[in-house]
Each structure stands twice: as C-alpha cells, then as structure tokens.
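Student: Those protein sequences? They're chains V and Y, same order as listed. Here the working numbering is used: the first residue of the first sequence is 1, the next is one more, and so on. Here the working numbering is used: the first residue of the second sequence is 792, the next is one more, and so on.
Any given hint could turn out to be false.
Which residues of chain Y face chain V? A few of them, derived with a C-beta cut under 8 Å, are [what the hints assert, rightly or not]: (1) L854; (2) T865; (3) F883; (4) R884; (5) R946.
In case anyone wonders, no lab produced these hints; they're calculated from the structure. Glycine included, each C-beta is placed from N, C-alpha and C at the ideal position.
One-letter residues, chain by chain:
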Amino acid sequence: MSATGIGASVKRKEDFRFLTGRGNYTDDINQPGQTYAYILRSSHAHAKIKKIDTADAKSAPGVLAIFTGEDMQVGSLPCGWAVNNKDGSPMNEPPHPPLAQGKVRYVGDQIAVVIAETYAQAKDAAERIVLDLEELPAVTTVDAAIAPGAPLVHDDLAPGNMCYDWEIGDEAETDAAFKGAAHVVSIDVTNNRLVPNAMEPRAAIGDYNKGTGEYTLYTTSQNPHVIRLLMGAFVLQLPEHKLRVVAPDVGGGFGSKIYHYAEEAIVTWASEKVRRPIKWTAERSESFVSDAHGRDHVTHADLALDASGKFLGLKVYTKANLGAYLSTFSTCVPTYLYATLLAGVYTTPKVYANVKSIFTNTVPVDAYRGAGRPEATYLLERLVSKAARELGMDQVEIRRKNFIPADAFPYQTPVALQYDSGDYEATLKKAMELADWNGFAARKAEAAGRGKLRGIGISTYLEACGIAPSAVVGSLGARAGLFESANVRVHPTGSVSIYTGSHSHGQGHETTFAQLVSETLGIPIENVNIDHGDTNRIAFGMGTYGSRSLAVGGEAIMKALGKVVDKASKIAAHLMEASAEDVEFKDGKFTVAGTDKEVDFGTVALTAYVPHNYPHETLEPGLEENAFYDPMNFTYPGGCHICEVEIDPDTGVTKVVNMTAVDDVGRVINPMIVEGQIHGGLAQGIGQALLENCEYDENGQLLSGSFMDYCMPRADNFPGFQATTESTLCAHNSLGVKGCGEVGAIGSPPAVINAVLDALADKGVTDISMPATSHKVWQAIQNAQMPAAAE
Amino acid sequence: MPTVSMTVNGKQVSGEVEARTLLAQFIRENLELTGTHIGCDTSQCGACVVHVNGSSVKSCTMLAVEADGADVTTIEGLAMDGDTLHPMQEAFRDNHGLQCGFCTPGMVMSAIDLVDRNPNPTDSEIRDWLEGNICRCTGYHNIVKSIAAGAAAMRGQKAAAE
Numbered sequence: 001m002s003a004t005g006i007g008a009s010v011k012r013k014e015d016f017r018f019l020t021g022r023g024n025y026t027d028d029i030n031q032p033g034q035t036y037a038y039i040l041r042s043s044h045a046h047a048k049i050k051k052i053d054t055a056d057a058k059s060a061p062g063v064l065a066i067f068t069g070e071d072m073q074v075g076s077l078p079c080g081w082a083v084n085n086k087d088g089s090p091m092n093e094p095p096h097p098p099l100a101q102g103k104v105r106y107v108g109d110q111i112a113v114v115i116a117e118t119y120a121q122a123k124d125a126a127e128r129i130v131l132d133l134e135e136l137p138a139v140t141t142v143d144a145a146i147a148p149g150a151p152l153v154h155d156d157l158a159p160g161n162m163c164y165d166w167e168i169g170d171e172a173e174t175d176a177a178f179k180g181a182a183h184v185v186s187i188d189v190t191n192n193r194l195v196p197n198a199m200e201p202r203a204a205i206g207d208y209n210k211g212t213g214e215y216t217l218y219t220t221s222q223n224p225h226v227i228r229l230l231m232g233a234f235v236l237q238l239p240e241h242k243l244r245v246v247a248p249d250v251g252g253g254f255g256s257k258i259y260h261y262a263e264e265a266i267v268t269w270a271s272e273k274v275r276r277p278i279k280w281t282a283e284r285s286e287s288f289v290s291d292a293h294g295r296d297h298v299t300h301a302d303l304a305l306d307a308s309g310k311f312l313g314l315k316v317y318t319k320a321n322l323g324a325y326l327s328t329f330s331t332c333v334p335t336y337l338y339a340t341l342l343a344g345v346y347t348t349p350k351v352y353a354n355v356k357s358i359f360t361n362t363v364p365v366d367a368y369r370g371a372g373r374p375e376a377t378y379l380l381e382r383l384v385s386k387a388a389r390e391l392g393m394d395q396v397e398i399r400r401k402n403f404i405p406a407d408a409f410p411y412q413t414p415v416a417l418q419y420d421s422g423d424y425e426a427t428l429k430k431a432m433e434l435a436d437w438n439g440f441a442a443r444k445a446e447a448a449g450r451g452k453l454r455g456i457g458i459s460t461y462l463e464a465c466g467i468a469p470s471a472v473v474g475s476l477g478a479r480a481g482l483f484e485s486a487n488v489r490v491h492p493t494g495s496v497s498i499y500t501g502s503h504s505h506g507q508g509h510e511t512t513f514a515q516l517v518s519e520t521l522g523i524p525i526e527n528v529n530i531d532h533g534d535t536n537r538i539a540f541g542m543g544t545y546g547s548r549s550l551a552v553g554g555e556a557i558m559k560a561l562g563k564v565v566d567k568a569s570k571i572a573a574h575l576m577e578a579s580a581e582d583v584e585f586k587d588g589k590f591t592v593a594g595t596d597k598e599v600d601f602g603t604v605a606l607t608a609y610v611p612h613n614y615p616h617e618t619l620e621p622g623l624e625e626n627a628f629y630d631p632m633n634f635t636y637p638g639g640c641h642i643c644e645v646e647i648d649p650d651t652g653v654t655k656v657v658n659m660t661a662v663d664d665v666g667r668v669i670n671p672m673i674v675e676g677q678i679h680g681g682l683a684q685g686i687g688q689a690l691l692e693n694c695e696y697d698e699n700g701q702l703l704s705g706s707f708m709d710y711c712m713p714r715a716d717n718f719p720g721f722q723a724t725t726e727s728t729l730c731a732h733n734s735l736g737v738k739g740c741g742e743v744g745a746i747g748s749p750p751a752v753i754n755a756v757l758d759a760l761a762d763k764g765v766t767d768i769s770m771p772a773t774s775h776k777v778w779q780a781i782q783n784a785q786m787p788a789a790a791e
Numbered sequence: 792m793p794t795v796s797m798t799v800n801g802k803q804v805s806g807e808v809e810a811r812t813l814l815a816q817f818i819r820e821n822l823e824l825t826g827t828h829i830g831c832d833t834s835q836c837g838a839c840v841v842h843v844n845g846s847s848v849k850s851c852t853m854l855a856v857e858a859d860g861a862d863v864t865t866i867e868g869l870a871m872d873g874d875t876l877h878p879m880q881e882a883f884r885d886n887h888g889l890q891c892g893f894c895t896p897g898m899v900m901s902a903i904d905l906v907d908r909n910p911n912p913t914d915s916e917i918r919d920w921l922e923g924n925i926c927r928c929t930g931y932h933n934i935v936k937s938i939a940a941g942a943a944a945m946r947g948q949k950a951a952a953e
C-alpha cells in the first residue's frame, strides 16, 4: 500500500482552507451590485390568502421590489419520484408554487419576497406588508389528517389528505405464513420527526446577466446539476446552456440540501426582474421552518415466529407524514427506501408492507441521513428484541438463528432487493468482542452498586445505498437516472484534474478521490485536484446522497482513469517501439515485459500534448477522458451496533456510556475518513434516540423552532465511540466499495432504545418512544411502578 | 451611523455601522473576513467564536460598537504568515477534527481559549467546555481528540519558549 493510495489514512487536502478561514461557502460570496432578499413566511399553519397589500412596504427605505405568488406565475417545484397506489392509480401530486398561491399550508410557507439594498432594509420593509389571511383549521399528525372530516391541506386535489396508499410483498402469502405461526409478536412504533440542521444555513444568490442572457445560481446544494435540471426545466423554463448552478463549499447536508427549494427559484427569477444579483441567506429559525424535515412515521407491525424462534412472516403498516407539499424525493423515502429494507439481515420468507403517505400542515418531509432505512431498521430491531423478550430467548441467539448466512449470497429478499454480499456473523462477533458483551453482567452489577440502572442493546442491520441502477429505479417511478459522471484531464506536465459530478460537503472527496488517482496512475497525491460543484466546469452530475459518492462517483472516476491508462499505454508503446499489448503499467511507469524499456507517466503526458513523436494515424493528441457509470445494483453495507446506557432512576438522566459500531462498508479507501463518517452518523442516531424531536402543537405551530427548543447533540452527550469496519467486498463494482455515510445513523437508534429498555426491564418498563429524554424515562419508571396513577 | 475602530488580527480597522450591527456581521461584511461563520440566531452554535481581548466570545452576542477599541483575533489571524498553522489548527488536521468545516473556525478559537485557561484538559473537561459549540458532522469524537492533541502541542510550544 502506498502512503497516498487505497487504504491509507491520508490527511485531508481540503482541511487547510477550512482551518484557516478560507472556505468559500455561499454566504461568503458577494457579487458587484448585490441586493438582499427577505422571504415573508406564513405564521399560520393553514390559511386562505385574501389580500396581500405591499404598497406601504414598497415605499420603505432601500426597497427595490416586492413579489408575491400573484407576480411569480411559474412552474411547480417538481417531485422526482412517482409512486402508484396499490390499485395502480397514480399518486396525488398537488402543485407546489415557490410563492404561495391562494392558500398557505404550513408555518414557514413563502408568501412574499422583499428585495432591498441591505438585508436589514428588506426585513424591516417586510413588517410593513399588510396580510389579510383567513385562518383555517390545521392538521399536523398522520392520524388527525386521515380522520373523517379532517381539514384538507390540498382540498379536492388530495382527498382524505392522501398522497398514496402503496404496498409491497404478497399479502395473501404473508397471511398464510401467519396461520402456521407458534408466536406472533406485535409492536407499535413512532419514528420521531427530526430537523436536519446542517451547521451552514441554506443560502442562494441569483444573478442574471442581461448582456449574455445567462443566469447564475450559487446555492447550498448537494447536487447542482439536479437543481439546474429541476429549476431550469420545470420551474422557470430556462435552458441548461443559459443556466449555471454553483454549489461551492457546503457546510453539511445530511439530505436537507438535495432538494430544489423555493428560494433558489425566487432569487434566480427575481434577479432578472430587478437586474441585480440577489442574495438570500436563511436565519436558523428560518431553517427550522423551511428546510425539509426527516422521518415522522407511525407504524404497526406483526412478526410471526415458529416455536424455535425462526421468523416466518412480517406484516408492516406505516403512515408517513409528508408535510404540506411533496419535496423533491419525499415520495420514495417511505416506500422504496424503507419497505424494501424490511427483510433486514434475516431470512424472513414472507414480508408484506402497506404504506400510506399523508399530507399535513407541516414543513415538507424528505430524506434525512439514512432516509427510510433508519425507519426500517428501527422497526425491525425493536421488534426482534421484543420477540426475544417475549419468547424468553437471548437477544443474540434470536438474531443468529435468523441471519442470512454468509454463503447465501446473492440473496433474493421477498421485498425486491437482491443482496450481493455480507457476513452478518462476522460483524456481530467483532462488535460483541469490542463491546465486551460477555462482561456486561459484571458492569451492570457494578453500576447497581452506584444506584444506576445499566442496560445493553444491540442492533444488527443492513441498508441499501450506492443509489442506484437507473433502469431499476426508473421502473419503480424515479423520474431521474442515478448514474454519475467523471472527467479525467491529464495536464502536459503530468498533473491531473478530476471533474466529478459527486459533491463534497464534508465527506472528504478531495482526498478520497485523489487517493484513487494516486493509486491508479502512480502519481503523488499533491499532483491531483478534485473539482466539483459547478455545472459550467463539470459535464454532468447527479450529486451526493444515499452514500453514493464512492460507489457510483468513484466508479465513474475509475472508469475514466481506465480509459486514460489505455490511451497512455498506446502512447508509451509508440515511444518504446513496442506493441501496446506488451506494455505494462505499474507505479507510474510503463514497461515492456522482458526488456529494460521504461517510460514514466509524466513523459507520456507531455508527449500527448507535444506530439512530435506520436502515432498520429491511430491516436488523437491530448490525454483526457470522460466516463459515465451506472451501477448494476444497490450496495448493501451492514453491521452490528451495541450500546450501553446508564440511567439514574431518580432523575431519568440517561447516559450512553459505551457505543460500539462494527460496520461492513466494503473496501475502505481512507480509514480515517470512514471512521469519521461513522462517528457523525452515530451522533445523529443517538441524537434521534435520546435528544432530538421536532414538535408541533395542534394548531401547527412549531414548538421546537430554534436551537433553544430543539435539542442538538453536544459533545458532553456522548462517550468516545468504538467504531471500526469488518468488510466484505461489494460484488458488482470494481473497487468493492459499499458506502459509509449513513450506516452510523441507521444502525444506532434501535441499539440505544434496546439498551434503555434493557436497563428499565427490572422496573417493569416494556416500551418507550424516541427521543427517550430524561423526563420520558423518569415518567416511564413512575408509570410502571404506579400503574394506577398512570391511568 | 456610528464609527467603530478596533484591532483585528493585528491590524487597525474602522468602519461605519448601524448601531444594531453585530460584531459577527462587522467582521464578515465590513472586513470581509468570512472565516467567522454564522450558524444560528440564538447564540447557541458557536460557529462565530472569535477572541476579544484574549478571551473567546461568540461574536453574534456583541454589537460591533461594543467592540470599539478592542483587540480581536479571528480564525484568519491564527496562521499569520499564511503557511504555518497554529498547533491547534494542525491538531484538527492531524486528527480529522473537521468534516464540512463550517463549525471549525469557532471550534478552533474556542479550543485555544480552553487551553489558555486549562493547559491540560481531560476529555471530560473538553466535552464540557464545548457546550457552546455545535458540530453536526463529527460526533465530536475527533474534535475531542484534536483538542487534547492541540493542548499537548501548545504545552510543548510554551515549554520550548520558556
């Protein structure tokens, strides 16, 4: 292994600029003549817009223009995935205007945009807009939204507030499996709504150039080409060649910066009207009511088992809250990213799931780190642990008994996916060793001596990422392909620029991808630059989400590098007067087998651009190659997470004291970066389990609308993590890579809650919902001990 | 509009500001030192931490006019010659203490103040100190490691200087 190649913990190339304050985030960018936008948002969850009077506001100091939905008659913000009802009919897809038309549907919905010389002037002027709104009753929960007579978010465009009523699996066969069952274990779980809260608030700058007719949008996006396509083709009808979208340094995404948001369209559209660049930057309390939220599922499930504890069938009924409008990928999250994962790591032969996705008067919900897979994992792993308790089986043994064995791959599940590789016993074994599972009883006894309740919880999980084979997702309703593109440009002196359609917003692509190039071409990593995030510089890209950057974007780079090596070998063969078939390339040198002839990569690069001695009759000059890569299958990372908690029974204070994660992420290119990704995922998973909750009141007011009300995990909420990998290789890509961005957030929540319930078992507590806050834990202990008082 | 003057990263600066202008805005907008980030509007996140007269301060909690006459250091002022990183910056790089980089300037500025006050902090003291700095990427694991390593390097530097 070279010091900068595959498998090396290379220090990150991007760190110098971030550590010295030289990052270039969207809000750091200023254009000559720039103006500022303030978006006036609805403070009502549901209301009819009767009149918006902007006359007085328009006369406020510094104001250039004010636009409302009446002024901005453009296309709807599109939904990227069509999901059909179980009867085959299409989903209800009501329009999503960038500025509200006729009605506002959630607190935060955009009513008007004020453009002024300074942000303060725009904000001051917005206070002088006179709104005449007729407040309507609101619904915020799935159960309230589907109750008879519930207020309708989209009136007759979504009767019963239903987006779709979808199913997967064979219901009759699953019912038949239940008939022969010795045990049926049932569970009701809520997967709590979360606010992604990337540390960089969203921002956008629209800049129209009258001279060239070109629009430029700088935006905090995980996928600038997708924004160009969605905004250009669907919302503003601007052709790609006149629209440039730049996503510079982006301060975290976690899914929330995938989607095409109203503000992007508003500043781009309005910059043409005012003929000045317009900057909009969200304040954090604005992010809370305008960034797509995550999760929010309510589920009932039944698991059928035989007398020995073998799973026979699983039935799942989920109601998913989509919020007020369809965000870009909202519809696929509770369906194809969730229900297809319900076999988990187990051989359950029959699985059936029914998912109802429902509109409410809340912020739109979309993918957040893991997206569907954490919801599936939480359900399954809570249910399996509950089954073990009810059947009197060991937590580990029930899992081992039902694991898909390591020699069973490729493994076809009853819910569409075919897993290519994995070894669940291996990750389980390693995690149990690292967590000292067998020493737990002694630790529990020691904690009891200190008056603390200690519990241990486990989760064995898998996920599907590296999204995705375009043909497969297309057949399931995706309105986009999910390939990736790469361009490798070798410069005359042998340095290399890579242009990738993946986007890095913390993942370290500038280092990991450079390691692929250093390894393949045998050149120093300093001679490699990774460029991303600009539709004018990068040919095309589908961007970064679903742990796809290495498994799809990295593979595109490898494919383009392969083409470069092919061509370079021909040039080298010419220089060495040998046949191309006899040329070997290793460690940056071309050699001819059986001779001492040798030419280095730099010489070949120079020859390609100074082609004096060159095979012109068969080769073009230059050394630059493009590749597009479309994966054959999803990738299937998995593993085992083990959590230990200590609870103070007097206060309910719950501390995670050990967190162990052993994940199979496929081949590891940079272990330092992979472990960092897992740490971050674990923090978000533990945050969901113990701290974070997005809470609305019954009128649709967001109660957890700032960092004072929404509990963001802090450093003192965590112990140090034990995170490592134990990998099998992906069977269908050249690098054998699977993905590591989401595993931490997928595997950990059920491990934490199983640990909490284990700790509370002696107190008689059998269920607790996320987040298991101190108050909730204390209350659960009180209720269990005083059942009469609880009623 | 009031005029404010202060020393920022060793340079004398002044500017006209609205009275309501926050120090964070003055640094970002008037001085164009965009390494100081704004991640919230309730003074929780700590992305805007700078040093004012040697102590770490959330620059969104101070009006620019309150900093009149002060000596301010921002993230840009740590590696003054542009190449040699401060030992704390170096420790964050060596220990992968940053991912997206947005909370990083505040983390580094806050960490240096911790080590100035407590040259050899325990992991638990580091975690307690970071109560006012939120990171969404790292799970804090490598930040804690970075600060411990940075503290050791700062102790070494101090010992060498004495």
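Student: Against each hint, give a clear statement of whether it holds in the structure.
Tutor: How the hints compare with the structure:
1. L854: 14 Å, violated
2. T865: 7 Å, holds
3. F883: 6 Å, holds
4. R884: Since the shortest Cβ distance to chain V is 4 Å, the answer is holds.
5. R946: With a minimum Cβ separation of about 20 Å from chain V (threshold 8 Å), the hint on R946 of chain Y is violated.
Consistency with the previously given hints fails for numbers 1, 5, ordered from lowest to highest.
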